[in-house]
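A.B. asks: All chains should be built: construct the whole structure from the sequences, respecting the hints.
Residue numbers (my numbering), protein chains in the order written: chain A, 1 to 564; chain B, 565 to 711.
Wrong hints could be hidden among the right ones.
Said to hold, decoys possible - Footprint (simulated), chain B over chain A, 3 or more residues, beta carbon under 8 Å:
{"no.": "1", "segment": "133–143"}
{"no.": "2", "segment": "165–172"}
{"no.": "3", "segment": "176–186"}
{"no.": "4", "segment": "220–227"}
{"no.": "5", "segment": "333–341"}
{"no.": "6", "segment": "443–452"}
Keep in mind that the hints were calculated from the coordinates and are not lab data. The beta carbon of each residue, even a glycine, is placed where N, CA and C say it ideally should be.
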Amino acid sequence: MNRKNLLALFALCALLVAPAVQATTITVINLDGPNEGYNDPTPVAPVGGNTGTTKGQQRLIAVQFAADVWASILQSAAPIIIDSQFNSLACNATSAVLASAGAQQVFSGFTNAEIPGIWYHVALANKLAGGDLAPGPLGTTADDIFAQFNSDLDNPVCLGLQSFYYGLDNIHGTDTDLVATAIHEIGHGLGFANFANELSGTLLAGRGDIFSQYTLDTQVHQTWNQMATNAERVASALRTNRIVWNGRNAKLAGAEYLAPGTPLVRFNSPAIADMRVGEAQFGPLLSSPGVTGDIALAIDADEDGAGTVATTTDGCSAITSNVAGKIAMVDRGNCTFVVKAKSVQDAGAIGLIVADNAAGSPPAGMSGVDPLVVIPTVRITRVNGNEVRAALGVGTVNATIGIDLTLKQGLERTTGGVLLNAPDPATTGSSISHWDTIAFPNLTMEPAISRDLTHGADITVDHFVDLGWFSDFDGVPDGVDECVLSDTHATVVIGGCDSGVANTVFANGCRISDSITACADGAGNHGGFVSCVSHYTNDLKKNGTITGAQKGAIQSCAGSANLP
Amino acid sequence: MRKNTMKRALQASAVVLAMSLVAATASAGDAAPKKIVKKTEVKVPVGGSGLVAGVDPVTGQLRQPTSAEFKKLADALKSQVFANATGTVAITEFADGTVSADLGQNFMNMSIVRINPDGSTSAACVDTIDEAINFFAAAPTPAFEDK
Numbered sequence: 001m002n003r004k005n006l007l008a009l010f011a012l013c014a015l016l017v018a019p020a021v022q023a024t025t026i027t028v029i030n031l032d033g034p035n036e037g038y039n040d041p042t043p044v045a046p047v048g049g050n051t052g053t054t055k056g057q058q059r060l061i062a063v064q065f066a067a068d069v070w071a072s073i074l075q076s077a078a079p080i081i082i083d084s085q086f087n088s089l090a091c092n093a094t095s096a097v098l099a100s101a102g103a104q105q106v107f108s109g110f111t112n113a114e115i116p117g118i119w120y121h122v123a124l125a126n127k128l129a130g131g132d133l134a135p136g137p138l139g140t141t142a143d144d145i146f147a148q149f150n151s152d153l154d155n156p157v158c159l160g161l162q163s164f165y166y167g168l169d170n171i172h173g174t175d176t177d178l179v180a181t182a183i184h185e186i187g188h189g190l191g192f193a194n195f196a197n198e199l200s201g202t203l204l205a206g207r208g209d210i211f212s213q214y215t216l217d218t219q220v221h222q223t224w225n226q227m228a229t230n231a232e233r234v235a236s237a238l239r240t241n242r243i244v245w246n247g248r249n250a251k252l253a254g255a256e257y258l259a260p261g262t263p264l265v266r267f268n269s270p271a272i273a274d275m276r277v278g279e280a281q282f283g284p285l286l287s288s289p290g291v292t293g294d295i296a297l298a299i300d301a302d303e304d305g306a307g308t309v310a311t312t313t314d315g316c317s318a319i320t321s322n323v324a325g326k327i328a329m330v331d332r333g334n335c336t337f338v339v340k341a342k343s344v345q346d347a348g349a350i351g352l353i354v355a356d357n358a359a360g361s362p363p364a365g366m367s368g369v370d371p372l373v374v375i376p377t378v379r380i381t382r383v384n385g386n387e388v389r390a391a392l393g394v395g396t397v398n399a400t401i402g403i404d405l406t407l408k409q410g411l412e413r414t415t416g417g418v419l420l421n422a423p424d425p426a427t428t429g430s431s432i433s434h435w436d437t438i439a440f441p442n443l444t445m446e447p448a449i450s451r452d453l454t455h456g457a458d459i460t461v462d463h464f465v466d467l468g469w470f471s472d473f474d475g476v477p478d479g480v481d482e483c484v485l486s487d488t489h490a491t492v493v494i495g496g497c498d499s500g501v502a503n504t505v506f507a508n509g510c511r512i513s514d515s516i517t518a519c520a521d522g523a524g525n526h527g528g529f530v531s532c533v534s535h536y537t538n539d540l541k542k543n544g545t546i547t548g549a550q551k552g553a554i555q556s557c558a559g560s561a562n563l564p
Numbered sequence: 565m566r567k568n569t570m571k572r573a574l575q576a577s578a579v580v581l582a583m584s585l586v587a588a589t590a591s592a593g594d595a596a597p598k599k600i601v602k603k604t605e606v607k608v609p610v611g612g613s614g615l616v617a618g619v620d621p622v623t624g625q626l627r628q629p630t631s632a633e634f635k636k637l638a639d640a641l642k643s644q645v646f647a648n649a650t651g652t653v654a655i656t657e658f659a660d661g662t663v664s665a666d667l668g669q670n671f672m673n674m675s676i677v678r679i680n681p682d683g684s685t686s687a688a689c690v691d692t693i694d695e696a697i698n699f700f701a702a703a704p705t706p707a708f709e710d711k
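C.D. replies: Here you go:
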């Protein structure tokens with residue numbers, strides 16, 4: 001979904017419904033005891049727009065401010081309740097837990113669930129069901145989200161002088177912005193988290209979830225809900241650069257929001273997926289369009305004399321194979337990256353790919369200094385290196401190394417999906433249930449709270465559209481729905497004229513009214529609008545969607561409407 | 565094309581959405597299914613006590629943490645962050661087909677930070693005690709390596 005349009009709609013709806021409709025409320029319930037946490041009576045000066053006069057007040061104001069960011073975006077008839085505390089959490093001078101949060105319940109198979117048989121976070125389930133699926137006393141797991149924050153962060157023994165910043169203006173300096181932290185944590189509780197375990201591959205009680213519904217592995221072309229075995233999910237979790245959020249709205253938003261220019265190895269032939277690269281501090285900076293050529297494995301002398309393969313593919317001595325005019329590939333290890341680059345350059349290579357010799361991804365960068373190195377060098381994972389070798393065993397491999405300005409930072413080329421975090425080794429919680437750290441601008445739901453985050457929800461809003469937070473209840477899941485906020489009139493109504501014709505929903509989630517609205521949107525004058533509707537309804541009649549009489553009714557309404 | 569599609573959809577639906585929100589709000593309240601047909605429990609991982617590596621605070625070199633250090637960190641995580649994580653999730657099936665799982669605090673995402681020996685900061689978001697301990701104890705991943 002177009003973020004500007006979406007946000008404009010939210011604003012419009014707010015105006016239209018303000019007198020009668022309570023916007024979503026997200027209430028932070030203070031579960032702290034007297035004189036602690038949110039009730040800390042320590043006097044403080046107002047900071048960054050936070051008018052609280054005690055530390056406890058400022059904490060509650062800041063966390064509620066974060067909750068209100070989400071409340072201003074999401075719509076739900078069911079109030080959302082966050083049970084929250086400031087507690088003394090694990091920390092010392094160099095390590096700290098900042099906060100933790102998550103949904104307290106999940107539901108499946110409830111009324112209006114867009115997809116049967118999978119878990120939904122309770123707040124989203126309540127929204128879709130139109131009420132509270134789990135009513136109960138406040139302050140219990142009947143509430144929607146639990147969130148706690150580390151009260152010790154304000155203590156010098158915890159991370160030294162770093163503290164929580166309680167201002168609302170995002171001017172946090174070197175401190176940790178509580179609002180940004182809370183926006184991130186609450187985002188998890190509202191839906192940005194799966195319930196699969198990345199280390200074991202298990203699903204919660206054997207059921208998939210709404211997050212996994214759109215978690216697509218582009219290598220095997222299956223979503224995590226579609227994978228038949230735990231082993232498949234375990235393997236998938238490690239596929240850096242190939243696991244994406246495949247919901248339509250976040251993909252479209254990512255294409256607009258994210259910045260162009262992705263450093264990578266791009267394969268021109270055969271068709272191999274892009275590979276994430278670690279960049280070098282020596283040699284020329286990666287550029288666009290980059291360096292293109294056939295890849296050749298570089299063979300060098302067997303330095304250790306033992307005849308092992310490893311030392312003949314490490315590029316640590318003079319290259320004996322023909323890499324002239326080609327992009328050479330060597331293995332990591334046995335000598336510095338700079339030595340490898342100089343070796344293949346001296347043999348005439350136009351670029352260098354270093355394949356890692358150990359597991360792990362994404363690949364780290366390469367340091368070193370040698371002003372004589374003038375060819376670009378990139379590093380890829382061991383897994384990716386093996387893929388290149390396999391392809392070379394079949395035939396010629398032609399690739400480009402550089403910055404691809406046609407690919408947004410954080411998107412996957414073949415699907416347009418937004419990359420999810422899939423490091424090797426996997427980390428439960430961090431893997432998959434966050435955006436990939438390559439995304440730029442930085443996103444709220446990346447694994448780390450980046451210091452340059454704004455207090456907005458970026459493309460995560462569109463991710464929430466995919467989840468169903470703005471469902472029009474047309475039976476088409478919003479992650480694939482081409483008209484998420486469809487005109488839900490039962491009949492086709494044009495400018496107040498009710499044609500009486502059923503407002504048919506098509507397989508793509510759009511209705512007849514949506515196309516007529518498109519006619520109004522695209523027409524330069526009333527005649528153009530009527531003509532567009534005429535053509536459209538003629539097509540509908542031809543394909544049997546409507547009768548001739550119904551066509552006439554719609555065209556009559558269009559003719560009398562004051563549109564555009 | 566996409567912009568146009570969304571724009572017209574949004575324009576067409578704005579008033580309708582507003583009306584539907586009015587209706588939805590009017591009907592807000594208890595939507596809970598009533599008749600329980602089955603209750604079960606499933607075990608979920610919230611942590612453990614696997615041996616982890618550590619970093620010497622003086623030398624920055626990778627080493628195994630002392631048992632006292634490990635115990636202090638693990639105890640803090642268990643008693644503080646995961647104080648109410650039982651490792652057990654109650655599943656309830658209702659007559660109308662609804663199924664619920666009371667997660668309690670078993671599925672908490674945890675934002676954690678670490679100051680590295682070079683003064684840089686590493687951050688992560690994890691959801692088990694072991695992952696947190698491993699993050700705290702692991703040698704920082706270098707942004708650049710020379711070989």
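A.B. asks: Hint by hint, say whether it matches the structure.
C.D. replies: Hint by hint, here is what the structure shows:
no.: 1; hint: 133–143; result: holds (count 4)
no.: 2; hint: 165–172; result: violated (count 0)
no.: 3; hint: 176–186; result: holds (count 4)
no.: 4; hint: 220–227; result: violated (count 0)
no.: 5; hint: 333–341; result: holds (count 6)
no.: 6; hint: 443–452; result: holds (count 3)
The structure shown violates the earlier hints numbered 2 and 4.
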